[in-house]
Each structure stands twice: as C-alpha cells, then as structure tokens.
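Going line by line, the protein sequences match chains A and B.
Everything in the first sequence is counted per my numbering, starting at 1 for the first residue and increasing by one.
Everything in the second sequence is counted per my numbering, starting at 1 for the first residue and increasing by one.
These aren't lab readings, by the way, just hints derived from the structure by calculation.
Heads up, the beta-carbon is just placed ideally off N, CA and C, and yes, glycines get one too.
Do not take every clue at face value.
Said to hold, decoys possible - Here are a few chain B residues that sit away from chain A, every Cβ distance over 10 Å (derived from the structure):
no., residue
1, GLY33
2, GLN61
3, GLU105
4, ARG118
5, ARG128
6, GLU186
7, ALA221
Stated by the list, open to error - For each label pair, taking beta carbons as the anchor points, the in silico distance ranges come out as:
no., chain 1, residue 1, chain 2, residue 2, range
8, A, ALA12, B, HIS133, 57 to 65 Å
9, A, ARG371, B, SER143, 23 to 31 Å
10, B, ASP67, A, LEU19, 19 to 27 Å
11, A, TRP248, B, ARG69, 54 to 62 Å
12, A, TRP248, B, SER171, 57 to 65 Å
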Amino acid sequence: MRFVHVCLLNLAARPLRSLLTALGIAVAVGSFIALVGTSRGFERACLQSLTGRKTHLVGVRTGAIDFLSASIDESLADRLREVEGVADVAGELLDVALLDPGYTVQASGWRRTEYLWQSLRLSAGTLPGPAQPDGVVLGHRVAETLAKKPGDHLAVRGQNLVVTGISERADLMSRTMLVMALPTMQKLMHRPGQVTFFCLRLRHPEDPSAVAAVKERLAARFGGLTFAETAEMIHNDHFIRLFRATTWSISRIAVLMGLVVILNTLLMSVTERTYDIGVLSAIGWQAGRILSMILIEGVLLAVVGSLVGSALGILGLRLMARLPQVGGFLEPDVSAGMILEVALVALFIGIVGSLYPAWRAVRLKPVDSLRHE
Amino acid sequence: MGEPLVAAEGVSRSYDGGRVVALHEVTLAIHPGDFAAITGPSGSGKSTLLNLLSGLDRPTQGRVLFDGREPRTRRRWTAIRSRRIGLVFQQFNLLATLTARQNVEMPLFGVVASAAERRRRAASLLDRVGLAHRADHRPHELSVGERQRVAIARSLVNSPALILADEPTGSLDTHSAASVLHLLTEIHESEGVALVIVTHDLGIAERARRRVSLRDGRVEADDRA
Chain A
1 MRFVHVCLLN
11 LAARPLRSLL
21 TALGIAVAVG
31 SFIALVGTSR
41 GFERACLQSL
51 TGRKTHLVGV
61 RTGAIDFLSA
71 SIDESLADRL
81 REVEGVADVA
91 GELLDVALLD
101 PGYTVQASGW
111 RRTEYLWQSL
121 RLSAGTLPGP
131 AQPDGVVLGH
141 RVAETLAKKP
151 GDHLAVRGQN
161 LVVTGISERA
171 DLMSRTMLVM
181 ALPTMQKLMH
191 RPGQVTFFCL
201 RLRHPEDPSA
211 VAAVKERLAA
221 RFGGLTFAET
231 AEMIHNDHFI
241 RLFRATTWSI
251 SRIAVLMGLV
261 VILNTLLMSV
271 TERTYDIGVL
281 SAIGWQAGRI
291 LSMILIEGVL
301 LAVVGSLVGS
311 ALGILGLRLM
321 ARLPQVGGFL
331 EPDVSAGMIL
341 EVALVALFIG
351 IVGSLYPAWR
361 AVRLKPVDSL
371 RHE
Chain B
1 MGEPLVAAEG
11 VSRSYDGGRV
21 VALHEVTLAI
31 HPGDFAAITG
41 PSGSGKSTLL
51 NLLSGLDRPT
61 QGRVLFDGRE
71 PRTRRRWTAI
81 RSRRIGLVFQ
91 QFNLLATLTA
101 RQNVEMPLFG
111 VVASAAERRR
121 RAASLLDRVG
131 LAHRADHRPH
141 ELSVGERQRV
151 AIARSLVNSP
161 ALILADEPTG
171 SLDTHSAASV
181 LHLLTEIHES
191 EGVALVIVTH
201 DLGIAERARR
211 RVSLRDGRVE
221 ADDRA
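Modelling step: build the complete structure from the supplied sequences, incorporating the hints.
Right under this line is the structure:
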C-alpha cells in the first residue's frame, strides 16, 4: 500500500461526502469557466466582427458610456475621408433587434456604397440592390434559426423586410446579425441621419507610426469623437469592461464559495476522524505525515473537482451557445490557459481548505484524540 | 539490572486545574525483557500511567525517561512510538476502512520506504498471529479475538523493545482472551520484548513476573515473582 492509497481509501470510505465536496469544487470551477468563457467569447466576437470588416480604426462618440445608444451625424463621414492617411470611411448604425420568436440579433445599417458590404460573403441570394430599400441580408445562423431563405419576409420592429441574401461569414457577430441599408435602419430605429460609430480603413495600417499620425490628425480635427484601433476600442469599451468586471466578480464569488464548501467539508471530515488521527499518532505517525495525508486528500478532491468542473463548464457553455435566446451573443472562448488558471485556483482551494482542518487535527494530543470515539 | 527502558520518576497527572488527581508521584522503571502487570481497581490510574509511559499524554509533574533520556517534544515521543514501542488497546483501535494487512502496514510508513517490503512484513506478522487467511478482511469482518490479534501484529511490525497493552483481553471472551494472552507471552518469551499489561484480571497478573498494584493514583505494591 502506498501513501496516496491511504488517502484514496479515506476518501472512498465516505463516498457521499467526497462526492459532494468534489461537486462543490466542480460547480465553482464550472461557474468560473462559464462566466469567464462567456466574457472572453463576447469580447472576441466583437473584435472579430470589426477586424473581419478590414476596419483599422473605429471612431466613437467621446465619453459615450452606452456604445449602442451613441449617435453621430452621418455626414461627418465625408470630412473623415478628407483626412490624410484615411483610405475609406463607413458609418454604421448598430442596434439590437428582438425578432418574433424572442430571438435577439445585432442589426446593422450600412450606406449602400460603403466598403463594409464587401466583407460579406453570401451563401445564397444577393446584396440588396437600389431597387430593394427594404432588403436585408441575414447571418446564416439567423436564417437557420428563423428558417428564412432569400425571398422570404421578416418583420423587424413592425416593419416588413425582404430577405435578399444569406451571409456565410465565419465570425459569430456576422453569423448572428442582419444588415440592411442605412436609411432603412435609421427609419426602423427612429434615428434619421445618425450612425453609431465610424469604421475607418487606413492607407498604411501596417505602419504603427503612420497609424499614430492619422489618429493624431483625427483627434485634432474631430474633438467630439474618439478614435481607437479595433482591439483597443473593444478592450476599453465601457459596456465590455462592465461585463468583464461583472463576470470577474461573480466568478471569484463562485471560487470563494468553493473554498467555503471544501473548508466546511474537510473540517467535518477531519473532526469525524479525530479518533483515527489519534490512532495514527499512537502508532507513530508524525504530525507532518498526518498533515500531508489530509492535504493530499484535499488536493485529490480539488483535482477531481477541477476536472469535472472544467468539463461541466465547457459543456454548459456549448449547450448555452446553442440556445436561440443567447446564441446570438455567446460563443465559448475557453483556452488552455484559462483551464490551467482555474485548475491552479482549485488546487489552491484544496490546499487552503485542508490546511486548517489538518492543523486542528494534529494539534490535539493523541490521548485526547483517542477519547473522541 | 541495567538501564531501564522506560522510567517514570515521580510523575503526577491531574486534570481540571489540579482538582482531579489521576496519578500521584508515581515512580516506576521497566527494564528490557520485563513482563509487568499493572493492576488496580477502576480509576486507580492504570491507563493514565500507560499513557504517560507511551508519551500519549504528558505528566503534570515529574518526568518520563525512555532509554535514559527524557523526550521533551511530542515529535520525539512519536518517533519513539514508531520504532521502540508497540501499543495494544482494549478496543483494538484498528482503522475501519483498512484491511487487516493494511492496518498492520500503517506503522511502517516513514520507517520502511518500500511498499513491497511493508506488505511483506505485514503479511509475515499476520501469519505469525495466525491470521494470514484473514489478511484482506476489514475489522468489522473479523471476530473480536481476531481484531486483537491484528492489533498485536500491528504493535510488533516495527520490532519494538516494549509492548504496552491496555486491557488487551478486556473485550474478549474467555477463549479469545486466553489465546491473546498466550500470543503476547509467547512473543515476550521468544523475542525478549518487554511487556507491560494493564489489567483487572488477576489471572493475567499472576502470569507476569512483576505485579504493580495501583490504588488512588499511587503505587500500592510492586512485587516480583
């Protein structure tokens, strides 16, 4: 019999308690992965949505806390195009639309001549032509969920639109968005002449100094707007920062709950085994060995809990992403680094949760422990 | 007689801030190869004395020496119990989740590094106490007599110089008690292990070469056969 075998036998001797402890850790780990994975997935989807459009800089209303409700005069696009180093400009009116079966999508309006349309690859149908002011292109996921094909009609905010094409672009936001002509979108959202932000393509995006120079020129001429590279804009967006902070806080609370669960369970478990620990001390087990035994038990529970929790977290995220109610905005982003991070946190929980009960156990005199039967 | 293996020098043990005195200035030396029975009525301090001689408890006054030195720390006493003292209890004190062989192996952790060697030694001891065929049974699957034999095998596994047995036959029927007593005396005689038995049973005490009688926490008599 090896030492770790003794620890395993101790855990196996109280199967329900061990299972519940591991499950407590698994729930904490799973929650952590689900929450952080959601946050990162959302952030990544936003970033991909912009970078996929070959957009180098984004111009937003300075100080706008709610990104979606910010309004900028669309006519600024022409003045932006005049700035040296700017190759092209597209104004985008972006909002969230609730479709009939309770399905939320990102709705965008683009001026017909803008470069953004070139980023769409259609798997069916065509882009809305000048003669189709109410034409709309659906992301393929939206089309699948709503069972729409080119030629079908779609009601958005009470207005009847005609599906002209289905987009096949790979990123989440494009799969789950619908795009229409800017005037149509402005009419739907009651925001005539307005866009939410500007997308800018630069002549030399590969040259950091050229990018910085363009940003300086833009900042000097357009005081009411803030220009940032796409990743920077996503990273600093108030809504995403708030989302990130919220998920960070909740995930840490979940981890803290895991710590309390394991501390409570191990404390109960060690208290129940006070007599056994007295026996071990009586037959010559040093305090360090008893301490190691309890710590290893905690670590084993943490390892099992983190493995199960990781699997549950990833599975839960995938299942959630398939729900039409949330699928539009959620794509799991679970990296090996995140799993490693949470595994280390679980290990820490296992060690910290075991330390106090272990210390309590070895502190007792053997004769007192033996009276505990 | 040479240097004692373990010696209590004027040890007292009191509880509750001195209001309850379990042992009062007891002096007693156990030498290598001794066979002593400690007798006395309930509450006379027999088990308390045994706990002090094994380092499971510490005296409130006086000192206990082992091999001529006073172990001052719990760590030192634990080290002595792991290599020099075998303990046998009335309630066997086997770990319920482990098999007989695993119970016997337990004192070898930290003493014998090889798992195979630990297993071999435990199997050999179980064979010696006549329980080779019960090695993979858990305590609840064994009779009380068998459990005490497993406990004796466990006490011997580190080849101790001293066995301290607290009412080893107290929970056994007459037949099992005789068998366990025979086993203990046989081990004492064949290996020269010093044996100290705490007992109520005067029949057992008569088999010992030395009888220490306690009353009210004091040594009333210390006779050698």
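Hints and how they fare:
Distance to chain A confirms B:GLY33 as a non-interface residue, since its nearest Cβ pair spans about 22 Å, more than 10 Å. Chain A leaves B:GLN61 outside its interface by the beta-carbon criterion, the shortest separation being 17 Å against a cut-off of 10 Å. A beta-carbon of chain A is positioned within 10 Å of the beta-carbon of B:GLU105; the least distance is around 5 Å. A Cβ of chain A approaches the Cβ of B:ARG118 within 10 Å, the least distance being about 7 Å, so the stated non-interface status is violated.
Listed as a non-interface residue, B:ARG128 keeps its Cβ farther than 10 Å from every Cβ of chain A; the least gap is roughly 18 Å. Every C-beta of chain A lies more than 10 Å from that of B:GLU186, the closest at about 22 Å, which supports listing it as non-interface. Remark: the non-interface label on B:ALA221 is consistent with the geometry, its nearest Cβ contact in chain A lying 26 Å away (cut-off 10 Å). Checked against the hint of 57 to 65 Å, the C-beta distance between A:ALA12 and B:HIS133 comes to roughly 24 Å, which is inconsistent with it.
A hinted range of 23 to 31 Å for the beta carbons of A:ARG371 and B:SER143 is consistent with their spacing of about 26 Å. For B:ASP67 and A:LEU19, the hinted distance range of 19 to 27 Å is not satisfied, since their beta carbons lie about 48 Å from each other. Separation of A:TRP248 from B:ARG69 is about 58 Å and conforms to the stated range, judged on CB atoms against 54 to 62 Å. At about 59 Å, the beta-carbon gap between A:TRP248 and B:SER171 stays in the expected band of 57 to 65 Å.
Consistency note: the structure conflicts with the earlier hints numbered 3, 4, 8 and 10.
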